Structure formats: structure tokens, C-alpha cells
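2 protein chains.
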Amino acid sequence: METQAADDGTPLDASVTSVASDPPASIGGWDVRSADPDYRAAVLDLLGALAYGELSAFERLAEDAKFAPGLVDKAALAKMASNEYQHYQQLHDRLVEVGADPTAVMTPFVEPLEAFHRMTAPSDWLEGLVKAYVGDAIATDFYREVAVRLDDDTRDLVLSVSSDTGHAQFAVDRIRQAIEADPRVGGRLALWGRRLMGEALSQSQRVVAERDALSNLLVGGADLQGFDLVEVGKMFNRITEAHTRRMAALGLAS
Amino acid sequence: METQAADDGTPLDASVTSVASDPPASIGGWDVRSADPDYRAAVLDLLGALAYGELSAFERLAEDAKFAPGLVDKAALAKMASNEYQHYQQLHDRLVEVGADPTAVMTPFVEPLEAFHRMTAPSDWLEGLVKAYVGDAIATDFYREVAVRLDDDTRDLVLSVSSDTGHAQFAVDRIRQAIEADPRVGGRLALWGRRLMGEALSQSQRVVAERDALSNLLVGGADLQGFDLVEVGKMFNRITEAHTRRMAALGLAS
Numbered sequence: 001m002e003t004q005a006a007d008d009g010t011p012l013d014a015s016v017t018s019v020a021s022d023p024p025a026s027i028g029g030w031d032v033r034s035a036d037p038d039y040r041a042a043v044l045d046l047l048g049a050l051a052y053g054e055l056s057a058f059e060r061l062a063e064d065a066k067f068a069p070g071l072v073d074k075a076a077l078a079k080m081a082s083n084e085y086q087h088y089q090q091l092h093d094r095l096v097e098v099g100a101d102p103t104a105v106m107t108p109f110v111e112p113l114e115a116f117h118r119m120t121a122p123s124d125w126l127e128g129l130v131k132a133y134v135g136d137a138i139a140t141d142f143y144r145e146v147a148v149r150l151d152d153d154t155r156d157l158v159l160s161v162s163s164d165t166g167h168a169q170f171a172v173d174r175i176r177q178a179i180e181a182d183p184r185v186g187g188r189l190a191l192w193g194r195r196l197m198g199e200a201l202s203q204s205q206r207v208v209a210e211r212d213a214l215s216n217l218l219v220g221g222a223d224l225q226g227f228d229l230v231e232v233g234k235m236f237n238r239i240t241e242a243h244t245r246r247m248a249a250l251g252l253a254s
Numbered sequence: 001m002e003t004q005a006a007d008d009g010t011p012l013d014a015s016v017t018s019v020a021s022d023p024p025a026s027i028g029g030w031d032v033r034s035a036d037p038d039y040r041a042a043v044l045d046l047l048g049a050l051a052y053g054e055l056s057a058f059e060r061l062a063e064d065a066k067f068a069p070g071l072v073d074k075a076a077l078a079k080m081a082s083n084e085y086q087h088y089q090q091l092h093d094r095l096v097e098v099g100a101d102p103t104a105v106m107t108p109f110v111e112p113l114e115a116f117h118r119m120t121a122p123s124d125w126l127e128g129l130v131k132a133y134v135g136d137a138i139a140t141d142f143y144r145e146v147a148v149r150l151d152d153d154t155r156d157l158v159l160s161v162s163s164d165t166g167h168a169q170f171a172v173d174r175i176r177q178a179i180e181a182d183p184r185v186g187g188r189l190a191l192w193g194r195r196l197m198g199e200a201l202s203q204s205q206r207v208v209a210e211r212d213a214l215s216n217l218l219v220g221g222a223d224l225q226g227f228d229l230v231e232v233g234k235m236f237n238r239i240t241e242a243h244t245r246r247m248a249a250l251g252l253a254s
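First to last, the sequence lines map onto chains A and B. Read in the UniProt record's numbering, the first sequence has 62 at position 62, and its numbers run on one by one without any break. Read in the UniProt record's numbering, the second sequence has 56 at position 56, and its numbers run on one by one without any break.
Just so you know, these hints were derived from the structure itself, not from any lab. A portion of the hints provided could be inaccurate.
[Unchecked claim] Partial list, derived from the structure: chain B residues whose beta carbon lies under 10 angstroms from chain A:
hint, residue
1, Leu61
2, Ala65
3, Lys66
4, Ala81
5, Glu84
6, Gln90
7, Ala100
8, Thr103
9, Glu111
10, Tyr143
11, Trp192
12, Val232
13, Met235
14, Phe236
15, Asn237
16, Arg238
Since the structure is predicted, the reported quantities are computational estimates derived from the model, not experimental observations. We treat Cβ as the ideally placed atom computed from N, Cα and C, and that holds for glycine.
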């Protein structure tokens with residue numbers, strides 16, 4: 001991947017991510033772990049949230065494609081949307097494979113995600129790009145952090161669907177061009193980035209509060225190694241720091 | 001594919017198509033034929049129209065997905081949209097392969113297609129389904145009719161991207177269910193189907209009038225075997241008849 005230098009000269013590519021420095025050892029495969037009903041419920045919650053997130057990302061990217069300033073940008077957004085759909089399909093198929101009903105598993109996450117989208121409807125092409133970039137990156141960071149603590153099969157799936165769909169570099173390039181052409185755009189988009197992060201945190205807290213299985217997974221209730229409240233705090237710090245670095249890479253103050 | 005019986009008892013599946021009864025013999029590969037600049041221009045026009053049509057179909061299906069009554073329907077529409085995008089990608093890559101600029105080749109068809117979509121904006125989920133089904137089928141019929149007269153390479157590509165993306169049976173099932181639940185829906189959708197066919201013909205005539213290369217291809221100006229005005233008339237008859245049969249299969253008078 002092409003890398004770009006940040007203002008301080010540090011090489012910085014578009015897909016800055018936060019990854020826990022010491023991934024814990026494998027906890028075994030799905031076949032073994034899923035015998036624990038709490039663990040199973042937690043993983044289904046996680047996959048349901050991820051699946052609806054992909055379907056929702058498909059919709060938002062397709063919507064943004066309508067506002068693309070030209071055919072090249074329109075096709076680029078359509079491609080990303082199509083990739084998100086492929087990820088959805090992988091998650092859907094896995095849910096069926098483990099005997100879950102994809103619709104039932106996704107349903108609890110529809111309203112929180114739609115609330116996030118209602119609160120953060122982009123007013124133009126650039127706000128849409130920043131939202132796609134920032135939103136996707138925060139979600140990817142979160143899933144990668146959680147993935148390393150899951151059984152091997154679930155981890156591989158989550159990492160696979162969290163892979164970069166080409167969003168990042170595309171958005172960074174377009175946003176930087178727009179700020180170069182009109183520096184005032186930077187101030188507006190910086191505010192927008194803060195609002196996105198705030199709403200994302202607010203809806204995540206709501207989901208964690210409402211979904212016992214998922215919060216047990218996060219705070220170690222499902223017997224996961226060393227994933228206690230201190231670790232959760234550290235994880236959110238890493239995600240916030242990665243967000244700050246990404247905003248800086250765009251030339252935006254977070 | 002599952003087949004369903006029409007009112008008169010004829011077995012009828014959702015993907016009724018009109019295919020010329022006597023496909024003409026091969027006219028050779030692209031390498032040979034494209035030496036003729038008129039032929040090359042005509043094929044680029046055709047691929048440009050088809051490529052923008054796929055991108056536009058992606059957008060419309062993604063838009064319709066927003067109005068889906070549930071997650072299963074939403075995901076079904078997203079899958080079809082994603083398939084349309086894959087077709088677009090194939091056409092885009094082929095245009096690049098033969099040294100054409102995809103954007104330049106697609107641009108003449110943006111306005112006619114957008115005009116069609118402006119004139120036929122569905123007001124609800126069912127109108128969107130009928131539009132996707134009818135619009136896709138008419139376009140497929142047209143391209144399959146033309147394809148058999150093209151060089152082997154272009155023909156294979158056109159037939160490949162005109163393959164059913166799963167639209168047909170899905171739309172037929174949903175529309176029939178809706179008419180069964182409320183027969184008055186049938187009258188409204190029958191009117192809608194006529195309007196769609198009328199607008200499609202009107203925009204097609206506009207394109208043919210404005211694009212010399214494409215109309216030469218249709219009336220044999222590019223030295224294609226036996227594709228004269230009489231044949232063109234017959235082709236439009238076959239397409240209209242297939243449309244009538246499809247509407248009947250839906251339980252709608254055309």
C-alpha cells in the first residue's frame with residue numbers, strides 16, 4: 001500500500017489501526033468453545049452486529065455513490081459497497097452454518113445503527129467520505145481488538161471481513177485534495193469528525209448496556225483470558241488514539 | 001430454475017426472454033472485426049451503454065433496498081445490486097483492455113438513463129420491484145438480441161453480463177404475493193408496467209437517434225449480416241411480446 005508522510009514526517013498510511021501489542025494465546029476452535037452457552041451467545045451477538053453493520057455500510061456507501069462528483073468516484077463507491085455486501089454474505093453464511101437465524105441475530109443491532117446514521121446524516125459528498133472512512137476505521141479497530149480473544153474460527157472470519165475494502169486510501173486522497181483546494185473545508189470536517197466519534201461512542205455504550213452477552217464477552221464474563229475492565233479501558237484508549245492519528249493524517253484536528 | 005404456470009396453464013418461469021429463432025453464424029473475433037472503425041465505434045457505444053446501465057442498476061437496487069420491508073428482502077436487493085456492480089466491473093475492464101476510456105464511453109448514456117429514472121421514480125417497494133424486473137428484462141432481451149450478431153468476444157461478454165442476477169424470480173414471488181393479499185394492487189401495477197415500457201421505448205429511440213454508431217449497428221450499416229430495418233422491427237416486436245408475457249406471468253394486464 002502507498003504510504004504518505006504526516007505533517008511531522010512520520011510515514012503514515014491511510015489504514016492506521018490500533019492493535020493490542022500482546023495478542024493472547026489461542027483459546028481453541030469454535031467446536032470446543034461454543035459448548036459454553038454464554039460464549040456462544042456472545043459470539044452470535046458479535047457476528048450479528050458485524051453482519052448488520054456490513055449491510056448498513058453497503059446502504060450508506062451506495063447512497064453516497066449518488067452524490068459522487070463523477071463516474072470514476074461513483075464506480076469507486078459502488079465497488080466498496082459491493083465489497084461490504086460480500087462481507088455480509090460471509091457472515092450470513094457462517095451464522096447459518098452454526099445454526100443461528102441471521103435475521104434474529106441482527107435485529108437487536110438495527111435500531112442502534114440506524115440511530116447512529118440518523119444522527120450523522122452527511123450533508124454532502126465530503127462529509128459522506130469522512131464518515132465512511134472514520135466509521136469504518138473505528139469499527140475495524142474494535143473488531144480486530146476483540147477478534148484476537150475469540151476462538152480460532154471466529155477470529156479468522158472477523159479478521160477477514162474487517163479487511164480494508166479500499167475505503168481508506170480513496171477517502172484520504174479525496175479529502176486531502178478538497179482541503180488543499182479550500183482550507184476552510186478542514187475546519188468544517190474536523191468538527192464533523194468529532195461529532196462522528198461522539199455518536200459512535202454513545203451508540204456503542206447503548207449496545208453494551210443492552211446486550212448482556214456482548215458485554216460479558218468484553219469484560220471477561222465468558223471466561224476469556226485477561227479481558228477485564230482495565231483492558232477494556234485500554235482498548236478504548238487505543239481506538240481513540242488511532243482515531244486521533246487518522247484525523248491528523250487527513251490534516252484535521254481531532 | 002423453478003417454473004410457474006401462467007393462467008392458461010403454459011409453464012412459464014420468471015425469466016421469459018425473447019431470443020431470435022435463427023442466430024446468424026459467427027462473424028469472427030474482435031481482433032479481426034475491430035479493424036473496421038465503424039464497427040469498433042458501434043461496439044464501444046454498446047458496451048458504454050451497458051456499463052452505465054449496470055452502474056445505474058446498482059444504484060437503483062441499492063436505493064430500493066432501503067425501502068425493503070425486512071432484513072431478508074433488504075439483503076436480497078443488496079445481493080442483486082452487488083451482482084450488477086460485478087457486471088459493471090467486467091465491462092469496465094474490457095473497455096480498458098481494448099484501449100477505450102470507460103468514462104468517455106459511458107458519458108453519452110448518463111443523461112438518457114437518468115431521464116428514464118427521473119420519469120419512473122417508484123413511489124413504493126412494489127413499484128420498485130416491478131421496475132427492476134421489467135427494466136432488467138427489457139434490457140436483457142435487447143442485449144441478447146444484439147449479442148448474437150456481434151464478434152465472438154463481445155458476444156460472450158454481453159451474454160455473460162446479461163445473465164440473470166436473481167432479480168426475476170424474487171420480484172415475481174413478491175409481486176404475486178402482494179396481488180394475492182390485495183387484488184387492487186394489480187391494477188395499479190399494470191398501469192405502472194405500461195408506463196415503464198413507454199418510457200423505456202422513448203429513451204431508447206432518443207439514444208438511437210443521437211448515436212450514429214449504435215444505430216448503424218442496429219440497421220446493418222456496420223456490415224452486419226442481415227440486420228436490416230425489417231429485422232429491427234421484428235426484434236422490437238419480440239421484445240414487446242416477451243414483455244407482455246412477463247406482465248401476464250405477474251398477473252398483470254399489459
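Taking the hints in turn, this is what the structure says about them:
no., hint, in the structure
1, Leu61, "8 angstroms, holds"
2, Ala65, "6 angstroms, holds"
3, Lys66, "6 angstroms, holds"
4, Ala81, "7 angstroms, holds"
5, Glu84, "9 angstroms, holds"
6, Gln90, "12 angstroms, violated"
7, Ala100, "13 angstroms, violated"
8, Thr103, "5 angstroms, holds"
9, Glu111, "12 angstroms, violated"
10, Tyr143, "20 angstroms, violated"
11, Trp192, "23 angstroms, violated"
12, Val232, "30 angstroms, violated"
13, Met235, "29 angstroms, violated"
14, Phe236, "29 angstroms, violated"
15, Asn237, "34 angstroms, violated"
16, Arg238, "32 angstroms, violated"
In the structure shown, a violation is registered for the earlier hints numbered 6, 7, 9, 10, 11, 12, 13, 14, 15, 16, in ascending order.
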